[in-house]
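A.B. asks: What follows is each chain in one-letter form.
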Amino acid sequence: MDMYNTAVRPSLVEGNKSYRQVTSDIAGPAERTPARWWYIAMTVATLALLFGLWAMYVTVVEGLGTWGLNNSVGWGWDIINFVWWIGIGHAGTAFTIFLIVFRAKWTASISRAAEAMTVFAVMNAGLFPALHLGRIWLIFYIFPYPNTRGPLWVNFNSPLFWDVFAILTYLLLSVTLWYFGMVPDLATLRDRATSKIRKNIYGFFSMGWVGSVGNWVRYEALAKILGGLAAPLVVSVHTIVAIDFAVSVIPGWHTTILPPYFFVGAIFSGFAMVLTIMILIRKTFALTDFITKSHLDSICRVLLFGSMVLGLAYVTELFVAWYSGSEYEFFTFFKSRATGNYSAAFWIMIVCNAIIPQLLWSKKIRGSLGAMLVISIIINVGMWFERFVILISSLAQDYLPSSWVGYSPTIVDIGIYAGTFGIFACGMLMFIRFIPMIAISEVKGLTNQEKVNREDDNK
Amino acid sequence: MQNPSELLRTARKAILLSCALLFLSINVSSNENMSALYQETEEAGQVLGPPTTDDIKRGERLFRGLISPGPDAASCASCHNTGLIDSFNWNPSAHEIALAYRDRSHDDFYQVVMDPVSAKMTEVHDSYRLSEEEIFQIKAWMDEFAEHGMESRPVITSLLLFILLFVIFLGAIADLVIFKKIPYKLIHLVVILVAGLFMVKNIAHEAIALGRSQFYEPDQPIKFSHRVHALENQTDCLYCHSIAEYSHSAGIPSTSQCMNCHVIVREGTYSGRFEINKLVEAYENDIPVRWIRVHNLPDHAFFSHAQHTGSAGLDCSECHGEVETMDRVKQVSDLSMGWCLDCHRSTEVDVLDNEFYSLYMQLREDVTSGRIDYATARDTGGTDCMKCHY
Amino acid sequence: MKKKYWKSLEELNGRQQQDYVGDHLYVNKNEMSGLIEEKSLNTSSSRRDFLKLCGFSIATSALIAGCERPVQKAIPYLFKPEEITPGKANYYASTFFDGDDYGSILVKVRDGRPIKIEGNDLCPLSDGSASARIQASVLELYDSARFRHPMEDGSQVSWEYADKRVIDGLRSAAESGGKTVLLTGTVISPSTKSIINKFLQKQPGFQWVQYDPLSFSAVLEANRICFNSRVVPSYRFDNAQLIVGFSADFLGTWLMPATFAGQYAGGRRVPAEDPQMSRHIQFESSMSITGAAADERIQVKPSQVKGVLRYLYDRLRGSMPVSIPGFDATLDRIAAELDENRGRSLLVCGINDIDIQVLVNGINYLLGNYGPVIDFMSRIGLRSGDDAAMERLIAEMKNGEVSALLIHNVNPVFDHPDGEGFGQGMERVGVKISLAPSKDETSALCDFVCPDNHYLESWGDAIPVTWQYSLQQPAIRPLGDTRQMQDSMLKWLGEEVDYYTYLRNYWQVSVFGLPEAGKEFDDRWNDCLQKGVFITSIPEGPQPSFNETHLAEIPSGSTVPAGEGFFEMEITQSIAAGSGRHANNPWLQELPDPVSKLSWDNFLAVSPADAESLSLATGDIVRIDGDIRIAVLVQPGQAPGTVSAAMGYGRTIAGKVAEGVGVNVMPLAGFAGGCTDYRVNISTPERTGEKHKMALSQTHHSMEGRAIVRETTLGEYRGNRSAGNEMRQKILDHMYTLYEEVKFDGLHWAMAIDLNACTGCSACVIACQAENNIPVIGKEEVYRRRIMHWMRIDRYYSGESDNPTVHFMPVMCQHCDNAPCENVCPVSATNHSDEGINQMAYVRCIGTKYCINNCPYKVRRFNWFGYARSDKYNSYMNDETGRMVLNPDVTVRERGIVEKCSFCIQRIQEAKIEAKNEGRVLSDEELLPACAQTCPSKAIIFGNIADKNSRIYKAFQDKRNYHLLEELHTLPSVGYLTRIRNKQS
Amino acid sequence: MKQKDLIAVFDNDRDLVKAIGTLKENNIPVKDVWTPFPVHDVLKMLGRESRLPYFSVAAGVGAVIVTFAFLYYTAVIDYPIRYGGKPYFAFPSFVVIIFLLTILLTFISTVIVFQVRTGLFPGKEAEVPVTGTTDDKFVISVGSKEGLADEIITEAQVILSANGAVEITEQER
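Protein chains in written order, with this note's numbering: chain A, 1 to 459; chain B, 1 to 390; chain C, 1 to 985; chain D, 1 to 173.
Keep in mind the hints are simulated off the structure, nothing from the lab. Hints are supplied without guarantee of correctness; some may be wrong.
Quick partial rundown of chain A residues pointing at chain B, CB under 8 Å, derived from the structure [unchecked claim]:
| no. | residue |
| --- | --- |
| 1 | 148 |
| 2 | 150 |
| 3 | 151 |
| 4 | 198 |
| 5 | 200 |
| 6 | 204 |
| 7 | 243 |
| 8 | 247 |
Think of the CB as a built atom: it goes at the ideal place given N, C-alpha and C, for glycine as much as any other residue.
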């Protein structure tokens, strides 16, 4: 029991709260009419969403020609944003796995929001592979279902096919984890609900949860199984995304380091996004007792670790490009990325991802909300540029110089990206509006633990 | 976007038409066509005046047999259908006759009804005892009928059913989650399941059938019967579809080719003169006959009749079915890609005798050594995409 | 497939009429083609839309009345013409001559529509090939800018009325005592010439002026001076061991480029057993594909050419030449080389200057090249226009001496240097009659337009060289109410016969020399129609003697004008645009210039050195003399101090495609010494600060040290057959594979490209476009690097940027046996066939573009928009009549799918079916993809590599053979033969 | 024997655990317990264990076999197509899909079995003896199928109130 209260780790929930207090503190925002800032934020998010919807409409109705792509660069902002979003999505699942599988209790009060972030981010990510199809109306061709065409199945060798299944599985699994994790809390809200409609809706989704022993026993087992399945899955998803690039023949893509490098990058960017959101939630909802400085500190340490791994990966890539003796690889890494047309993006990537996060060594910075917020945002900018560098520099300048091109996005590209921010923001705002943003039952378990510990100490 | 608007247009047309019909049945004398008709008949020197509403009404009754056209005589409508029908009718429909005689005089019409030339018609029309006035009334009705077209049957679209079920489906879910008016959850469950399954089934079914037209059997502008030509008169397929052996297309014979025989044959066994007259008319007026294509391969599939009737040695009936027994050609096979491939996977290819395959040394050896029983089209690339798609 | 040479359509005229129902000016497509098998023309669009929509909103539309499908009508012929089999193509031999280029051709007619042009392999001049412009000419048949009926001052009139007015006009012109002038391009048709002669006899004051926008006046004049024979002799590039060109782009634009390219490539092909090839030195200021092909390219300013030639002449003659600073050593060396190759060398010069041409004649004469290499006994009929006569005509018109002017096949208002003057002159002409087939700047100023037919609708004949007669026959009835020029002339002469009868009579009497029309005539006539050409014996005899008087008067030394602040400008021709008469052809407009890689524009080529000193960059708009604003393209290889720009652009009245494309630079050209002078001095280009979008399809010019185009020299090749290609063995030694390589039984299609023979002329690009229904996407889309051509000509520079070596490499889908693209397609839309073809099923493609990314050769193309249907794109496909050129055997691709070279699979399948049905082996020779078929230099070898006796198998065994990016182990089915340059080392 | 259960409400888990401990010592059957969060001691004391993991393993093994069979049938037997020079049976490519589909099928079937076994599904009514078990109430129900003897009920009442039950009610069945 002592492991929860060591000298280095301050208590996970502060303020010595009763169970009822915990419930009302956390459930409160979902029951109150939201504040004005919520409406403002929602309006902004909806505008972004509308911009995105317009861009998607143009894409589908007029064609992919409205994007900045060309004969050589077949993937641009679409896939950059896809990889970026799916990377962000990884953090939520990672938190859940830490919580369930590794029993890292400190993640309890963060995992719910992180999971919500995962769900919306993966939804956004999934949008791009669909939108980037030339004929989105035939998207069902990608599924191997029996048909009258021979039957003609699909190409199981294609990483894109793997990707579809990886994302689909991942989306389903993370939604399931999120939803089932929410069930006891929805029951709480149901029982606290005053209006009939609220009661019915929460009642419907809480699946008749009562918190009986039979419930809890199987629930815990299910959580462990899902967490256990999610652990390899979360590793595999970004691995497969990386394989999309790694199995190709394009210089700068065709490297075996890509899967681990992508996975770490994903966790890195996801944690950064969690940090951003947690700082905002903590500030706006005064949940300082649940999302403590120690939580943020822990995330920062993970970021520091990720940053160093990424830095190592960048250096390794450069080394291998030189050491392999492949002129194409050498060109891509040294003449295109480090010094050539894409050097600006390359150095932004290096500085944002490998250098600036080193500031987190400083305890002072790990204690400053503002500094952490800025760094977390910088990291995600850097991660976006990482994907930009990988995608564009490799495609725009590959084997035959005759097909070397430039690339620039169009307003439609930008619109869709903005739209995904709209979706994400709308989703998160709806989430904090209607769903307890911290797992109440988990936190109660912790407060209980805290009390036991305190009493033990007092003896 | 095209389809909904088309649907809308069709619906609007239907509404307008039915309104017009209603209006006309009330007040026919105001119809301009009627006055034109009046002039025409008058010019023809008829004693009979312009048709009145009563004339038209009586004409219809006569045609439909509500007033007997003669002792033991079948009503006109029993042979000449007034509505759209699924089955094949050798006799011209009421509408076709109406169109054909719209611009012709009362005398012509009288002549053809009461004193027909063709054998079959004579036999049936023999028992008619119709006065000149009655014929006039029938024509009066038919002239009006020509304007309106065939009666369409009420169409129950599965769309309405689908929408209805969808609404019920949504309602059940809403009640289950929010309103909870119905206490028994079993009801919700059954409704949701049944409606959901139906919708899924319907969508899947329609999606598979999309672009397919197995059993398509349209009415042709001329009632050309393959049974009469190919079975009863023993005409070889290749006599008319002469290019099937050396072109992609089997070819629809030109009108002039039809006239090779029909220059002499002017009366059909079952159809009398009416159908053959259409052909002759088209020929004489240089108007090509607009046949309706029955077998439509999608544009992205390239098919060569020359290849299949040539080196593959297929018989026409293997794909087209027993066309010689069809009065109206029907698409027997579904012409799906799976259907093509089934044949390509199983049909034997004569790799040993056809010199073309002399380059396929491995395959020939496999066959001669008995490693495989015989070579199929698949073994010579018969399942390649580019066999058909380019 | 074996081509069928069809008898004429002559007997069809009567019967076919009935197929064309109605009095449409443009024939209703349904009636016209007997659409029993109409693949991609009409029904496809509605049907595809329909399927797409159903797929898109499947839940709803599937249910709407059971998703009612559109009823498809099949309309058979009323009378089926015997020659037309629906679904099967016929080939008719005919003749292309547009005033500039000649080609004996085969017209592919499918369902009554001409859809493609191919070279006639029975004609020694064509040898089965056709240039880009000839290939593209079929599209102009369906051009909506064509006149559809006769017109008076822009409004429609009937032929009877027009004829009457024209005859009246001619009569009153004759009565007034003024001149009647017939202005035409070069006429090579003997029967037409005889009609014109009749006019000459009948019409008082009649004068016939031939005018060539691409003038050969100086050559003609020089030959008159030197040999007393005002003709163009024939050149035999295949007999020349040493070719020295002076600004003569004989592989691209000069005289008969397709023929010369074939001859040239013959001398450049290096047999492995006995490595021999001709040597080619090119002097030029602007970079042409001929300069790119040369073993040695020497930059000269246009003004230096005369001095250089004089130097060579003097040196060869043994007299002391006047030094040309910077050139002496080179010229001495070249003179020595020429001296070694007496009787088997060839000097050609493209400069329209009499003195220069006299010098060229003098050198060729000194070297004894007349006879073996240049032949006055067989004369080329092309380019007989007289610049001086044209100059006189303008003066006469301005003086009001011309009462009637008939204009046929020329557009001097646009392409004459003094076009403005010509236009002013026209105002003073009594009656002006244009016979132009489609609208142009000159016909717009005419009183009457009596539109000529397209050549595919016309009868005709031609004598391109002394020993070859060639017949032209219609492949389709006139689409509009037009009449061919000869018929109009006969009508105006008051002759009763139509031109067809006239032509037959003419051939009977003057060509065959038969006293009466009978069976013998019919047989010979029909034979000629089937073959397209009638070849008489090649005349032999002594070459004319040389008259040195004029030459002696030409001063020695350089004539470089002194002074600063000006540039020497040369007006050139581009491969696509030529004189500009085909400007409204979108295929040609979109064809990238092989050297600059620019489509949809002309440009001012500036050398890199000058660009730096003037701080100009590609895309800058500059102002030059005559207030012409033109975009700059920095062109490596352009001689410093010179600029150049192509003519044929800047049409103002031509149709929606051409108008507003490029700038007309012809007003800058001058008139000197009796010839149009395409060299002018202009003041320094002045920057305007504006930028122009340059639709370049290649922007990186260096190979970055990669072994993409492999090259060696003849000397090294003699010592080592794998010279330049040594790395191939190394790569093969290093190849390891996880999976065993697939063996193909029976058929395995492959292609080899001889880089030594390829000149970059781009005929293959247009042939491919015509064969495979490749969309035209317009300037903006090309600018965005989305050009759709399945076959592209990559061009790289190496060496110093001022005078680089240029490398051409045609790249199309490599049909890799280990194709990276196949692996990554999730829906199996692209995979490998049993015949080694990388197949692409368009219907299955959902457009992930992953294959595009993963293709190391970047040969896959994506339909970014619905190019075939949207009005936004300048494509022939969205034009009602333009669509008729589409090949029904190839699917028109819709938006959102990937396409690429298929090795012309439709041709392969057709040939296979025919061979199968006939139970015979598919031979190597009978099957060629469109690109290989048309290649003037026969650089493309295609065949079945599984057949050890095939040509392609042998080509792949050649030590020169390599595969592009072989080290990736993609195992391409396309090989390249290392380029060999005959360099002196 | 009375057919009734004893419902006791606690306001913290320590009391609950103690009470259950005492009840168990006295062999008084505990029918069910409701808590706002999983109290592991209670679960342990009541000896309840889930067999869900065993099912998951079985489902996983099944999914591997089914996926492999499906892949082999479609790619090798039914319509073999050659991609990029690979053999029809390109096992390395299959591995990824087998992995993914195994996870997908396993987790879906596990969730379904979970719902079936717990009887939890969307729309189910919550059946709680006392409201507040999802907030801060810890509830024990004492009883058995056959019903309990009066003395046992009394004894249980004593134990429960001694251990800090805030509310004890009897509930007829």
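A.B. asks: Checking against the hints above, which ones are violated?
C.D. replies: 4, 7 and 8
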